[in-house]
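Protein chains: 2
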Amino acid sequence: MERMNIAILGCGVVGSGVAKILLEMKDELSDRAGRKIELKKIVDLRAASAISKYDIPKALFCGEGRDLTKEETVKYINEVIVSDDIDLIVETIGGTSDFVFNIFADTIKAKKPIITANKAMLAERGKAIFESAENSGVIMGYEASVCGAIPIIKAVRESFTGDKIVSMYGIMNGTCNYILSKMQDEGFAFEQALKQAQKNGYAEADPTLDISGYDAGHKLVILLKLAYGIDIDFKKLSIIGIDKINRDDIDFANEMECAIKLISFAEKKDDRIYAGVRPMMVKRSNFLSEVDGATNAVEVVNKYSGKHFLVGAGAGSLETASAIVSDIIFIARHAKTMKNNYGNSNNELLDPSELNFPYNIIFETEDVPGITGLITTAIGNQDINIDTVGHNRHNKEKAVFAISTMPCSIRQIENAVKEIRSKRANVIIHDPKVIPILF
Amino acid sequence: MERMNIAILGCGVVGSGVAKILLEMKDELSDRAGRKIELKKIVDLRAASAISKYDIPKALFCGEGRDLTKEETVKYINEVIVSDDIDLIVETIGGTSDFVFNIFADTIKAKKPIITANKAMLAERGKAIFESAENSGVIMGYEASVCGAIPIIKAVRESFTGDKIVSMYGIMNGTCNYILSKMQDEGFAFEQALKQAQKNGYAEADPTLDISGYDAGHKLVILLKLAYGIDIDFKKLSIIGIDKINRDDIDFANEMECAIKLISFAEKKDDRIYAGVRPMMVKRSNFLSEVDGATNAVEVVNKYSGKHFLVGAGAGSLETASAIVSDIIFIARHAKTMKNNYGNSNNELLDPSELNFPYNIIFETEDVPGITGLITTAIGNQDINIDTVGHNRHNKEKAVFAISTMPCSIRQIENAVKEIRSKRANVIIHDPKVIPILF
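Going line by line, the protein sequences match chains G and L. Numbering of the first sequence is given in the numbering used here, commencing with residue 1 and proceeding in unit increments. Numbering of the second sequence is given in the numbering used here, commencing with residue 1 and proceeding in unit increments.
To be clear, the hints were calculated from the coordinates, so they are not data collected in a lab.
Cut-off 25 Å, straight-line C-alpha distance, at most; resulting in silico cross-link-like pairs (BS3-like, lysine-lysine):
| # | chain 1 | residue 1 | chain 2 | residue 2 |
| --- | --- | --- | --- | --- |
| 1 | G | 36 | L | 303 |
| 2 | L | 36 | G | 336 |
| 3 | G | 53 | L | 164 |
| 4 | L | 336 | G | 339 |
| 5 | L | 40 | L | 111 |
| 6 | G | 109 | G | 339 |
| 7 | G | 112 | G | 336 |
With the hints as constraints, model all of the structure from the sequences given.
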């Protein structure tokens with residue numbers, strides 16, 4: 001049986017999970033792959049936690065399990081990448097540093113397959129990596145980079161191939177979904193929910209990457225490349241996070257039989273792709289509204305086969321690791337026939353604001369008579385059909401109420417707000433919050 | 001570009017959908033596959049409906065689109081299978097006849113890949129087919145045979161490979177789910193719901209295969225082979241259909257915040273597999289309870305990556321066809337590296353009655369005092385913990401009420417019923433209906 005010797009670079013939460021599965025399922029994995037799958041080397045600055053957590057033999061670590069200096073780490077990584085004893089590299093360090101970028105570059109140069117869960121790297125610097133992999137005939141596995149355990153990468157790359165993907169709407173960040181679920185189901189304020197998420201290990205000490213929507217955006221960029229063959233400058237992706245979502249928004253969502261979810265989405269119309277990340281009010285009749293806590297979910301609508309949902313664990317040590325191991329098996333089986341991407345297109349990426357949605361507009365205004373008439377008239381003047389006017393929470397300081405519309409553009413709404421302000425300058429206290437409604 | 005010329009045998013609901021997609025997406029499919037995908041020949045007794053439905057060129061049909069005699073059909077099929085101009089056969093005739101079995105045998109003999117949606121054939125006569133394919137090195141595609149458009153076959157075969165499948169619970173028959181949804185959501189009686197399903201094209205004139213649970217069983221057998229490597233004698237699979245489900249059952253389910261669903265399930269405990277098909281009361285907190293109408297869904301629980309749901313269209317012309325075309329692409333890409341099955345095991349299949357479930361037991365008894373005490377005492381005597389006693393619908397003729405239990409075995413329940421009958425011979429009017437509860 002041909003060998004497939006594996007090295008893991010970075011043995012933190014995910015890397016240690018990969019080591020555990022490779023050790024526990026060694027024989028079974030080799031049977032499945034038709035190649036002898038063997039974990040040969042692990043490189044990590046600090047091996048101790050992985051060793052204690054999953055009982056991984058010290059002998060597998062470069063340096064036999066002791067803490068390494070940075071220089072040693074670099075030296076070992078360089079050795080492992082070019083070692084004749086290693087056939088495949090698992091990169092589970094993460095981040096977009098040059099240091100990690102060079103691991104990709106060097107592995108590609110060594111003509112070895114590389115498997116990663118590093119969504120930030122693939123989204124922000126993936127173009128250069130994929131191009132150089134392509135030129136060198138090097139296969140990459142990145143199932144674990146999007147929605148953890150959900151097999152969405154292989155679904156798009158190998159299963160939805162007899163079809164055309166019309167749209168994708170997904171809950172792709174477990175931290176945000178945990179926070180929003182706590183706010184929706186348990187009446188938490190945003191800050192309180194965030195603290196709970198940090199306490200329970202669902203959010204980092206610095207939660208910016210998650211709550212800003214950037215992490216959800218990273219995953220979307222990878223899916224867009226795969227589904228539509230477009231390379232996106234990550235900085236140009238339109239992203240709104242959840243940091244501005246407050247109790248009023250949640251209450252209005254409940255009133256409208258919706259749950260607020262952070263949605264990464266893409267829609268194809270003719271040859272144009274509209275894509276972005278937005279908090280949305282998801283109707284209770286849509287499956288995505290039922291996806292709570294740290295779970296992820298993706299709705300894919302295909303031209304011929306219609307609507308699909310894939311739901312599963314979006315993060316976690318063994319959950320993400322199992323996706324990495326599935327890539328090891330896929331590459332062990334199909335390295336000779338598989339490609340990193342099949343899509344190639346001249347699709348253009350457009351701002352999602354160009355896409356018509358039904359919107360929920362939450363106004364904070366002075367609490368005086370005549371406001372509802374003024375606002376609804378201005379909205380009507382922009383040819384926007386109003387669906388419902390949400391219950392007005394008013395006191396003497398301000399009125400807060402929501403108007404949900406039939407599908408319209410952001411531009412129409414902006415024009416309506418302009419008209420309101422031109423009629424009564426200070427009536428609107430803050431810029432209204434405009435949240436798309438997802439049916 | 002290497003060619004991949006395709007013939008479709010049987011151009012009914014599914015076959016005509018395959019033809020449509022192959023014609024509409026010809027260039028795109030060839031790009032994706034890296035081979036020139038071309039539909040070359042179609043054989044069908046009566047071509048007219050496919051031609052008119054999807055505007056498929058007559059020239060593609062053997063006999064140029066006119067009706068064929070049975071002898072002509074056989075002759076054309078035999079010609080196509082061995083033709084040098086055909087590289088891959090799509091079998092969309094269906095059924096378990098020798099005639100169709102021989103199409104498999106002859107295609108394998110001709111060493112050509114064969115793709116099918118024929119769950120009955122694979123479940124009932126698959127062992128011989130897979131063995132002969134294996135011996136001849138012939139690749140088969142059968143994504144479309146289980147849950148239509150849901151990519152469950154590739155998920156199990158290519159995506160959940162870094163993990164161990166602990167259990168699978170699925171709604172695998174759209175007809176049954178449509179009928180049960182109508183009963184649950186619109187108060188229909190079984191017969192009324194069945195008629196509606198027939199009227200709307202969701203059920204055949206003879207609905208036996210669906211409502212008996214056999215079709216759901218066929219799909220389960222295919223998944224069992226794939227996930228656990230076991231060959232099952234279909235006749236030995238324990239199957240209960242939905243034909244005995246009545247309004248009372250539905251009402252008790254509603255009372256318990258459940259929906260009744262026909263569930264195909266498998267659970268692995270140690271090296272034993274428990275599997276069967278049962279109507280179950282699915283708790284509203286379980287996603288499967290929300291899957292309504294003709295939609296299918298599968299919950300897969302993996303050892304490392306936890307719970308997954310895959311939801312999508314379980315049937316339909318283009319929906320099922322898109323799964324077949326995805327197999328064409330997969331085979332065009334990976335024929336040299338893929339296998340029909342990777343699993344091989346000595347797992348033993350056991351009767352699902354051996355598995356402990358919480359159960360809902362619906363009693364129809366005489367309407368006299370003392371019954372509840374008699375029955376609950378007998379149940380307690382068998383060491384079964386009672387969870388709740390459902391509301392008693394009684395009149396002078398009979399009493400109907402339900403008892404839901406904590407997890408126990410069917411044997412325990414049978415013993416309790418025996419005890420009740422031994423104490424008061426005619427108190428139970430019918431054998432009680434025992435329905436597993438799924439959380």
